[in-house]
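Novice: The primary structure of each chain is shown beneath.
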Amino acid sequence: MTDTPAMTDTPATADLGAEAQDSGPSLEEQKLVTEFAAEKTDYYSGTFVQLQQNRLTATHVNRSALLAGPFWGARRGNWTHFWIALLLDVSGIMLMARGLFAASEGTGSVNLLWGVAVFVCGRVLTARFADLLYYRQYQNWRIDRAINAGISARRVQLGLALILAIGPMLIYRATQVAPTLRECKRMWRAMAKGDEAGFADRFNCWVIGEVPIGKNLQQPVAGGINDFIDWLTITFVSLFDAITISIRAVLNLLELIFVGTPWPVMAFLLILIAWRTAGKNVAIFTALALFYLGMFGFWQKSMSTLSLVGAATLICVVLGVPIGIWCAKSPRIYAFIRPVLDIMQTLPSFVYLIPAIAFFGVGKPPGILATVIFALPPMVRLTVLGITQVPESVKEAALAFGATPRQLLWKVELPLAVTSIMTGINQTIMMSLSMVVVAALIAAKGLGEDVLFALQHVEHGLGLLAGAAIALCAMIMDRIVQGARKPDQT
Amino acid sequence: MNNASTGDPVIEVRSVWKIFGSRAAEALEAIRRDNLGKPEVLAQFGCVVGVADASFAVEQGEIFCIMGLSGSGKSTLVRHINRLIEPTAGEIFLKGRDVNVLNEEELRQVRAETIGMVFQNMALLPHRTVRDNVGFALELRGVDSYQRSIAAEETIAKVDLTGYGDRYPSELSGGMQQRVGLARALAADPDILLMDEPFSALDPLIRRQLQDEFLALSHVMHKTTLFITHDLDEAIRMGSRIAIMKDGVIVQIGTPEDIVTKPADGYVADFVAGISRLKLVFAHTVMQPIEAYKANGGNGLDESLCPVADPETDLNALVDLSVDSEHPILIKDDGNAVGVVTKTALLRGIQGEP
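Order-wise, the sequence lines are chains A and L.
In this text, residue positions in the first sequence follow the numbering used here: the first is 111, and each later residue adds one.
In this text, residue positions in the second sequence follow the numbering used here: the first is 116, and each later residue adds one.
One or more of the hints may lead you astray.
[Claimed, not checked] Pairs of lysine-lysine, DSSO-like flavour, derived with a Cα cap of 27 Å: (1) L:K377 x L:K447; (2) L:K447 x L:K394; (3) A:K521 x L:K273; (4) A:K505 x L:K273; (5) L:K458 x L:K447; (6) A:K505 x A:K521.
[Said to hold, decoys possible] Computed far set for chain L versus chain A, every beta-carbon distance over 12 Å: (7) D247; (8) A252; (9) Y382.
[As the list claims (entries may be wrong)] Here are the computed distance ranges between Cβ atoms for each label pair: (10) A:R264 x L:D346: 24 to 34 Å; (11) A:S440 x L:S185: 28 to 38 Å; (12) L:S185 x A:T144: 36 to 46 Å; (13) A:H170 x L:L320: 52 to 62 Å.
Hint data in this document are derived by calculation from the structure and do not stem from the laboratory.
Predicted, not measured: the structure shown is a model, and the values here were computed from it.
Where a beta carbon is used, it is the ideal one built from N, C-alpha and C, also for glycine.
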């Protein structure tokens with residue numbers, strides 16, 4: 111019984127399918143597009159089919175979008191189109207306004223033409239892609255009916271409100287020359303004395319140019335920070351001294367190893383280590399690199415740089431791994447630490463070199479500290495990554511066999527995170543080496559000193575040679591550490 | 116084996132509830148008060164009911180299967196036994212000892228010494244050799260390396276992996292890795308084995324082989340085993356008894372024969388529909404009591420010509436007896452005739468219809 115109507119249905123749907131292939135959309139699709147587009151449904155269902163068949167011509171434009179610009183996007187609820195069209199429209203109008211009203215020497219007509227071009231091209235481009243954007247909106251709408259569909263006068267009003275909120279000020283700004291803060295201050299002083307000032311000038315000082323309160327806040331706060339740093343320097347002098355002494359102790363040990371070992375012994379040991387950990391090719395590379403360092407007179411300075419980098423790396427590992435473990439165990443702590451790491455990595459190093467000098471004086475220890483600030487974040491991040499990516503099932507198994515939290519950490523999590531931690535050490539070494547020139551600014555010596563000297567005396571040749579020496583040091587350490595990592599990855 | 120006579124079951128689970136979500140306690144109260152269903156709990160409290168009022172007891176040496184489809188709560192339930200998951204309500208006793216009141220150190224001791232667990236995804240430690248994986252539980256308890264390696268080698272031999280002690284898990288096939296998983300669970304000689312779908316990830320041939328080997332091993336070692344599976348065939352092969360779970364609720368507990376012949380509801384009946392009864396159903400289920408048989412006109416039965424079987428003979432063996440004789444099979448218990456299996460009854464019994 112139930113089979114019979116289905117049987118008669120089949121040829122009908124097959125016909126529809128064939129028809130759809132040739133020209134129009136299927137009935138179901140047509141119904142959906144009608145519901146979605148609400149207006150001009152024939153145009154959109156036809157266009158969508160053309161899109162699906164890749165038959166849309168290069169000259170195809172949506173005429174409503176061409177004429178209405180951003181309003182088309184607003185009316186159809188396609189805010190992507192709205193914002194792009196608005197941006198291009200306003201840019202064009204701004205350029206035209208500048209060409210017409212801002213009297214600058216001879217560029218007026220160029221600006222005007224350029225503005226017209228931007229406006230027209232913008233309209234054409236957005237009208238060309240309007241249907242593509244609209245088709246994507248349609249697809250999303252089919253998945254989630256909460257997405258904008260149909261046409262709406264309320265959205266047009268919203269679009270108009272947005273345009274009015276943004277457009278006029280932008281276009282006005284294009285016709286004006288922004289006053290500097292100094293000019294404004296002069297005007298304000300004159301006004302305080304009772305002079306009259308034009309509305310346009312007053313308006314420009316408030317709205318165009320610098321936000322009018324910036325400098326007023328800046329000076330007292332900067333002054334406060336200065337006082338605070340002075341206070342810290344005096345109050346915690348013994349703490350800073352203790353830090354300096356401990357860093358120097360680490361550094362002295364490393365310098366004893368790197369600088370204190372005669373060059374033939376050191377070269378032999380380095381090549382041997384490279385060979386044992388990373389193989390023949392790296393050993394040959396190391397030999398050649400060391401030959402370069404020796405031949406161009408960079409040996410002592412390279413060794414001093416290596417001990418500097420070694421000390422920084424050591425401190426990074428000692429601080430970074432425990433912090434990383436802590437962060438991995440407590441998402442709340444990590445949420446707090448993460449922005450700190452971002453700041454450490456992005457803050458220009460000169461900014462903290464200055465307080466470093468105040469606290470620690472000049473020389474190697476503050477140089478190492480500055481390096482640690484820059485090179486610590488990858489160590490922490492990669493430790494966190496390594497520990498959090500230990501499979502939950504393996505941890506569960508360890509707990510099921512009675513592991514304590516400490517055993518879980520030492521016997522399961524850290525061993526499984528070791529690859530990631532080694533990558534962190536590698537990153538830290540690379541970043542430390544990139545800091546040697548900056549550290550040389552506060553008399554941290556080493557290869558950076560030569561680069562700095564070359565910079566100050568315009569010695570191109572020396573600069574390049576010393577720079578190459580730094581790069582070679584980095585590569586030797588990188589290859590050895592990476593080589594040492596591989597045998598563990600069974 | 117002697118423990119069996121002392122009365123306390125090795126594992127006893129009493130009305131355990133597990134509700135996931137921050138408002139679990141509230142949700143549980145509401146469920147008890149208003150008899151809410153799973154969807155209402157999710158809608159009203161944002162809580163998911165994992166296990167609902169589960170109770171069962173496992174005797175010494177028994178293999179107790181918990182069977183259910185994904186999301187039925189079987190893996191959640193088994194993790195309550197060693198408290199990898201804390202119950203929202205209810206009690207779990209291991210040999211009469213309440214697991215919920217153990218402090219952390221006691222719990223770790225129970226986990227390391229009393230319970231061995233095998234996981235579906237093996238969960239071996241990739242940086243350790245097979246021997247060190249097997250000796251893991253002992254290592255956690257501070258057993259020295261010498262003792263550990265003796266115990267590990269012994270267990271490795273039990274699961275037929277002799278010679279693989281110095282290999283890494285990644286060098287082994289899936290089936291061999293799961294043997295390591297089993298050896299790791301057995302190494303500390305625990306009383307209880309928790310097996311969470313141990314053979315589900317293996318291909319059918321290896322699965323069958325490991326099932327057989329585990330049964331043989333279990334026969335010798337008499338470990339009380341809680342065996343989780345989503346495969347009814349496996350449950351029937353392995354289980355002394357089977358609990359069937361659906362949506363967090365234990366729908367039925369019984370021997371494989373009970374489950375197949377007397378399904379508690381349509382859900383279980385659908386499950387067992389395709390199962391072969393030949394080795395699951397026994398003479399006592401299909402036989403007609405001798406009195407009834409005689410009352411129905413079977414007086415002409417010549418007992419001396421009938422093949423004889425005892426009530427615990429399975430249908431498979433009854434078929435063998437039946438094809439050799441034209442007479443019905445006489446069922447004798449301790450020498451007394453208790454019932455008769457006619458050819459019709461036998462065929463209907465195989466079919467699963469009365």
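Novice: Compare the structure with each hint and give your call.
Specialist: Comparing the hints with the structure gives:
1. L:K377 x L:K447: holds, 24 Å
2. L:K447 x L:K394: Holds - the C-alpha atoms of K394 (chain L) and K447 (chain L) are around 19 Å apart, at most 27 Å.
3. A:K521 x L:K273: OK: K521 (chain A) and K273 (chain L) at ~26 Å, within 27 Å.
4. A:K505 x L:K273: holds, 26 Å
5. L:K458 x L:K447: Holds, because 17 Å separates the two Cα atoms, which is no more than 27 Å.
6. A:K505 x A:K521: Given pair K505 (chain A), K521 (chain A) holds - Cα atoms ~10 Å apart, limit 27 Å.
7. D247: With a cut-off of 12 Å, D247 (chain L) comes too close to chain A, as the shortest Cβ separation is near 10 Å.
8. A252: Non-interface label on A252 (chain L) violated, nearest chain A Cβ at 4 Å vs cutoff 12 Å.
9. Y382: Since the minimum Cβ distance to chain A is about 27 Å, Y382 (chain L) lies beyond 12 Å and the statement holds.
10. A:R264 x L:D346: 24 to 34 Å: violated, 58 Å
11. A:S440 x L:S185: 28 to 38 Å: Given a distance of about 32 Å, which is inside 28 to 38 Å, the answer is holds.
12. L:S185 x A:T144: 36 to 46 Å: holds, 41 Å
13. A:H170 x L:L320: 52 to 62 Å: holds, 60 Å
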